[in-house]
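Produce the entire structure from the sequences given, and follow the hints as far as they go.
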Amino acid sequence: MNESALRKPTESGVVSKTHMPFELDGGVAARARIGMMVLSSDHTLEYEWRRIFAGLDGVALYANRIYNSTMVNPTTLAEMEARMTEVARLILPGTPLDVVAYGCTSGTVVIGEDKVFARIREARPKVACTTPITGAVAGLTALGCKRIALLTPYVEEVNQVLRRHVESRGIGVPVMGSFNHENDDEVARISMKSLQDAMLDLGSSPDVDGVFVSCTSLRVVEIAEETERRLGKPVTSSNHAMAWHALRLAEIRDPLPGLGRLFRI
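At position 92 of the sequence shown (counting the first as 1) the number is 306 in the numbering used here, and the numbers step up by one without a gap.
Treat each hint with caution, since some may be false.
[As the list claims (entries may be wrong)] Calculated lysine to aspartate or glutamate pairs in the DMTMM-like style (CA-CA distance at most 25 Å, straight line): (1) Lys329 / Glu300; (2) Lys407 / Glu396; (3) Lys231 / Glu260; (4) Lys447 / Glu436; (5) Lys407 / Glu295; (6) Lys360 / Asp312; (7) Lys329 / Asp271; (8) Lys329 / Glu260; (9) Lys360 / Glu336; (10) Lys407 / Asp421; (11) Lys407 / Glu439; (12) Lys360 / Asp399; (13) Lys360 / Glu396; (14) Lys360 / Glu295; (15) Lys360 / Glu440; (16) Lys447 / Glu381; (17) Lys360 / Glu371; (18) Lys340 / Glu370; (19) Lys329 / Glu295; (20) Lys407 / Glu440.
These are computed hints drawn from the structure, not numbers from a lab.
Dropping the structure here:
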């Protein structure tokens with residue numbers, strides 16, 4: 215188009231160009247769009263995922279929050295099922311997503327993985343789905359872990375549901391520890407030193423070949439590799455494993471140094 219056709223002098227003499235030429239590229243999500251369903255009480259998931267994904271050009275995260283009670287127990291966890299479909303629908307409405315991740319470990323085992331995926335797919339038919347426990351089982355299996363130490367912040371009723379769920383997937387849980395704390399706002403402030411001390415304590419058992427830390431509020435990503443080095447066994451967590459699994463579901467396999475053994479396979 216002739217440049218003069220783009221110039222429209224105004225009464226004040228200011229030039230206003232309209233219909234400027236442009237072309238489209240893949241945008242920030244040229245390689246993958248990953249949707250995240252984050253608990254309204256969660257302080258940690260987005261922070262840790264953005265650290266993991268920081269070196270991945272063309273992979274974009276899109277989050278929406280789902281209401282939950284800060285008091286974590288089977289009753290409050292089950293209540294989230296009714297809200298899942300609408301939360302998934304409002305992540306870039308009308309735009310295809312490669313993966314949708316529901317960010318609650320305990321909520322998944324209480325509601326059931328199949329029900330979580332069904333609620334998401336009511337809004338996003340056929341989309342690849344993951345959850346923290348889905349990613350953990352896939353990751354621990356890929357690492358060759360058959361018997362793990364399981365660390366949680368949960369009350370005992372939730373702990374036993376989680377333990378049965380993991381064992382039903384073929385991974386033994388001979389060692390388990392919990393902070394037994396129900397308040398999610400405070401769980402997010404459990405120090406990384408406390409977490410590492412607990413992982414080293416539980417993981418040192420000769421009966422286990424790896425450690426899984428359950429709960430998206432707990433901060434493990436920054437200390438996973440150092441803890442593995444000190445323990446001599448693989449370590450993963452809800453956010454760590456779910457991020458790995460979401461990337462693999464989206465066919466993203468870039469090596470990510472400093473994040474532990476899981477991100478090297």
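Evaluation of the provided hints:
1. Lys329 / Glu300: holds (15 Å)
2. Lys407 / Glu396: Measuring from Cα to Cα gives roughly 20 Å; hence the hint holds.
3. Lys231 / Glu260: Violated. Lysine 231 to glutamate 260 sits at ~40 Å, over the 25 Å cutoff.
4. Lys447 / Glu436: holds (16 Å)
5. Lys407 / Glu295: Distance ~34 Å between lysine 407 and glutamate 295 Cα, so the pair is violated.
6. Lys360 / Asp312: violated (30 Å)
7. Lys329 / Asp271: At roughly 33 Å apart (the allowed maximum being 25 Å), aspartate 271 and lysine 329 break the hint.
8. Lys329 / Glu260: OK: lysine 329 and glutamate 260 at ~24 Å, within 25 Å.
9. Lys360 / Glu336: violated (34 Å)
10. Lys407 / Asp421: Status holds; Cα separation ~24 Å.
11. Lys407 / Glu439: Within the cut-off at roughly 14 Å; holds.
12. Lys360 / Asp399: Not satisfied, since the Cα-Cα distance of roughly 32 Å exceeds 25 Å.
13. Lys360 / Glu396: violated (29 Å)
14. Lys360 / Glu295: Violated, at about 31 Å.
15. Lys360 / Glu440: OK: lysine 360 and glutamate 440 at ~22 Å, within 25 Å.
16. Lys447 / Glu381: Holds, at roughly 19 Å.
17. Lys360 / Glu371: holds (24 Å)
18. Lys340 / Glu370: The given pair, whose Cα atoms are some 35 Å apart, is violated under the 25 Å limit.
19. Lys329 / Glu295: holds (8 Å)
20. Lys407 / Glu440: Status holds; Cα separation ~12 Å.
Checked against the numbered hints above, the structure violates hints 3, 5, 6, 7, 9, 12, 13, 14, 18; every other hint is satisfied.
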